[in-house]
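One letter stands for each residue in the lines below.
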Amino acid sequence: MRTLHTFHGGIHPPEHKSESNGRPIAQAPVPRHLVVSLRQHMGAPAKPLVQPGDKVLKGQLIGEPAGFISAAVHAPTSGTVTAVEPMTVPHSSGLPDLCVAIEADGEDRWAEHSPIDYKSASPQAVLDHIRDRGVVGLGGAVFPTHIKLQVNGKLETLVINAAECEPWITSDDLLMRERADEIVKGIEVLQHLLQPAETLVGIEDNKPEAIAAMARAAEGKGIDVVAVPTLYPTGGEKQLIKILTGKEVPSGGRPYQIGVVCTNVATVYSVHRAVNLGEPMISRIVTVTGNVRQPGNFEARIGTPVDELLQLAGGALPDTSRYIMGGPMMGTPLPNSGYHVQKASNCFIAASDSLFPPEPPAMPCTRCTHCAEACPVNLRPYELQWFIRGKNFDKARAYNVFDCIECGCCSYVCSSNIPLVQYFRYAKSELMERDREKRAAEMARQRSEMKQQRLEREKAEKAAKHAAAAAAAAKSETAEDKAAKQAAIAAAVERAKAKKAEPQNTENLSPAVQAEIAAVEERRTKSGEAVNEEA
Amino acid sequence: MLTAIIVMAAIALVLGAVLGYASIKFKVEGNPLVEQIDALLPQTQCGQCGYPGCKPYAEAVASGEAAPNLCIPGGPGAGQAIADLVGVPYEPLGGEAAEPAPKAVAAIDEKTCIGCTACIKACPVDAIIGATKQVHTVISAVCTGCGLCEPACPVEECIIMDPVKTDIGNWKWEYPTYEVKKVA
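Here the protein sequences come in this chain order: A and B.
If you're matching positions, the first sequence starts at 23 in the working numbering and goes up one per residue.
If you're matching positions, the second sequence starts at 75 in the working numbering and goes up one per residue.
If you are wondering where the hints come from, they were derived from the structure by calculation, not from laboratory data.
What you are looking at is a predicted structure, and each value in this text was computed from that prediction instead of being measured.
Take these hints with a grain of salt, some might be off.
Here are the computed lysine-lysine pairs in the DSSO-like style, where the Cα-Cα straight-line distance is at most 30 Å [said to hold, decoys possible]: (1) 195/B / 460/A; (2) 129/B / 473/A; (3) 460/A / 239/B; (4) 484/A / 177/B; (5) 460/A / 129/B; (6) 487/A / 504/A; (7) 129/B / 69/A; (8) 413/A / 177/B; (9) 481/A / 129/B; (10) 129/B / 413/A; (11) 239/B / 69/A; (12) 481/A / 177/B; (13) 177/B / 460/A; (14) 413/A / 246/B; (15) 195/B / 413/A; (16) 484/A / 239/B; (17) 195/B / 484/A; (18) 177/B / 473/A; (19) 195/B / 450/A; (20) 487/A / 195/B; (21) 246/B / 170/A; (22) 481/A / 239/B; (23) 246/B / 450/A; (24) 417/A / 195/B; (25) 207/B / 487/A; (26) 239/B / 473/A; (27) 450/A / 239/B.
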């Protein structure tokens with residue numbers, strides 16, 4: 023029996039898991055029209071490789087990674103590209119982003135794809151293989167997996183995050199119940215790559231079927247399936263590491279610094295499909311729940327319209343007023359269902375005012391400190407809130423606002439209904455903008471100084487060159503040269519004189535023409551005088 | 075009495091020697107205030123303050139020659155910070171010119187560019203690349219949006235200042251606004 027640790031704070035929101043975990047995963051049919059976003063991962067958006075009119079095959083690369091932190095994007099089915107332009111994407115800003123629209127041909131024909139024998143290939147080749155198949159973390163942050171798996175030095179613990187602590191979401195639960203063997207194959211790939219001393223799968227104890235299925239599949243594989251107490255946000259990377267190992271990831275640090283790598287269970291499943299089957303990340307399990315007739319889980323292609331998933335779940339009930347991508351604690355609110363499945367879309371919730379009553383109006387903070395008691399990263403949200411309301415961002419940074427994981431525990435427990443997380447998101451994006459500006463200013467300062475230095479250097483070089491040329495000229499000029507020059511000048515003067523003596527074309531003119539010339543000259547002098555007077 | 079004078083004289087001598095040594099050993103080259111002011115400026119090098127760049131303006135403020143409120147791209151934020159640093163009252167710069175223009179980057183229309191290199195000479199941060207009779211282009215990542223290239227260009231509508239659009243990459247969360255309950 024393993025000793026479990028605890029993290030600070032946490033809350034127990036109503037779980038609402040039973041609505042959607044009663045039915046097996048259903049295959050969502052390939053939709054007719056798909057919209058695939060090119061920014062489905064953390065980092066730089068992928069660079070489109072297709073144009074409208076191009077034919078694409080299932081699994082064909084349509085967006086290549088642009089930069090170190092970026093990921094590949096693939097066509098989820100075969101068909102024709104109809105547009106590559108900004109379209110609505112599920113993002114808090116509501117701004118459009120570059121997407122590839124594909125009209126499916128119904129054949130669902132695979133592009134050439136091949137697995138890799140990870141046991142004989144070099145680790146870098148396996149990582150490149152994973153990178154080229156667009157595998158990103160499916161836990162929510164969609165961080166490119168191949169970067170996460172690049173760990174130098176000894177790794178003590180590989181943590182598979184299967185806590186799934188957010189209410190309503192059951193996609194990882196169903197995946198583990200039905201595909202535990204495939205998940206274990208994925209874990210074996212990671213074990214081979216990372217060579218951890220121990221491998222732990224953390225599952226919240228409200229998923230007994232998933233724990234049993236995983237324990238059965240993991241038998242004799244050196245994998246420890248651990249049931250952890252149900253407490254939100256156990257599924258946070260740093261929180262789960264703390265529970266399982268007792269080690270704390272330093273502020274602003276990453277788990278590999280304490281010898282741990284933590285990966286979401288659905289990501290591991292995708293790694294298995296990428297490595298052992300050669301399939302890129304073109305589908306995922308999505309929970310459709312909330313205010314729908316038959317909540318459930320669906321294996322849907324990336325780019326599937328949300329409306330079609332809602333239809334598969336029996337349709338949204340008439341009093342549905344809005345939607346949420348993700349869970350109610352950390353998800354992205356969506357005003358309508360006109361969106362498409364992303365790699366990050368673990369869940370779509372149809373929301374109504376009866377299921378999710380609107381927040382009562384916020385009241386002033388009473389400094390009850392319930393938020394600090396609930397905060398899983400030991401922050402003092404009530405203090406931070408004051409600083410941020412006073413626009414004192416430096417103070418907010420000093421009080422570690424960047425450690426906030428935006429889990430929403432503080433807002434949940436706030437007795438004054440203050441939207442605390444919104445304040446922290448606001449402060450973080452303001453601070454990040456400032457840092458960006460500072461970096462840009464520093465670069466501009468350096469470039470400006472370099473230019474000044476260059477100009478001065480060029481000036482000095484020019485002056486030196488002129489001085490050298492003058493000195494050389496003075497040295498080489500002898501009496502003979504001088505005489506030759508004088509002779510040349512004299513000859514030129516002679517030539518000019520001779521030319522003047524030649525007959526001019528104004529001589530021997532008729533009196534009429536001469537009169538005309540005189541008139542022109544007169545006008546010219548007059549106008550010249552006029553101009554001078556004006557001036 | 076004599077002992078006291080000797081002791082005092084000895085102390086004065088020792089401290090004087092220490093101070094003299096320190097003034098040589100820890101001599102500060104240049105005015106450190108200039109660097110501090112320069113760090114608060116946005117480094118657009120636009121010259122809107124009337125000085126040829128951010129560093130010369132910082133020098134002018136440090137010597138008391140210029141007011142701290144002349145930086146237009148820096149806005150009241152930079153002005154206030156500089157005023158606090160040098161210890162003078164900050165007065166907002168009035169008038170239309172005081173409004174910082176929305177952030178923009180220069181863009182060269184490659185069809186109209188004649189390859190004269192005038193803009194390259196005008197750019198304070200070397201953000202334009204090109205050569206004589208070759209089409210020029212702007213490295214938008216390093217352009218400060220100072221707009222000095224625009225008047226330098228002899229061709230009409232060749233250089234335009236393109237306002238930076240908000241997209242998902244640079245979008246910011248807004249300050250939370252919510253209703254405060256009205257009592258009575």
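Hint check: residue 481/A vs residue 239/B, CA-CA at most 30 Å. Holds or violated?
violated (40 Å)
Is residue 413/A within 30 Å of residue 246/B, Cα to Cα?
holds (15 Å)
Given the hinted pair residue 239/B and residue 473/A, is their Cα-Cα distance within 30 Å?
holds (29 Å)
For residue 413/A and residue 177/B, compute the direct alpha-carbon distance and say whether it is at most 30 Å.
Roughly 22 Å separates the two Cα atoms, so the pair holds.
Please verify whether residue 129/B and residue 473/A have alpha carbons no more than 30 Å apart.
Given pair residue 129/B, residue 473/A holds - Cα atoms ~13 Å apart, limit 30 Å.
For residue 417/A and residue 195/B, compute the direct alpha-carbon distance and say whether it is at most 30 Å.
Violated. Residue 417/A to residue 195/B sits at ~42 Å, over the 30 Å cutoff.
Has the given pair, residue 246/B with residue 450/A, been kept, meaning a C-alpha gap of at most 30 Å?
Given pair residue 246/B, residue 450/A holds - Cα atoms ~9 Å apart, limit 30 Å.
Run the distance test for residue 487/A versus residue 504/A: straight-line Cα separation, threshold 30 Å.
holds (24 Å)
Quick one, are residue 195/B and residue 450/A close enough, alpha carbons at most 30 Å?
violated (39 Å)
With the threshold set at 30 Å, check whether the alpha-carbon distance from residue 195/B to residue 413/A stays at or below it.
Violated. Residue 195/B to residue 413/A sits at ~40 Å, over the 30 Å cutoff.
Hinted pair residue 195/B and residue 460/A, Cα distance within 30 Å:
It holds: about 25 Å lies between the C-alpha atoms, which stays within 30 Å.
Are residue 484/A and residue 177/B close enough, with their CA atoms no more than 30 Å apart?
violated (38 Å)
In terms of the numbered hints stated before, the structure departs from hints 4, 7, 12, 15, 16, 19, 22, 24, listed from lowest to highest.
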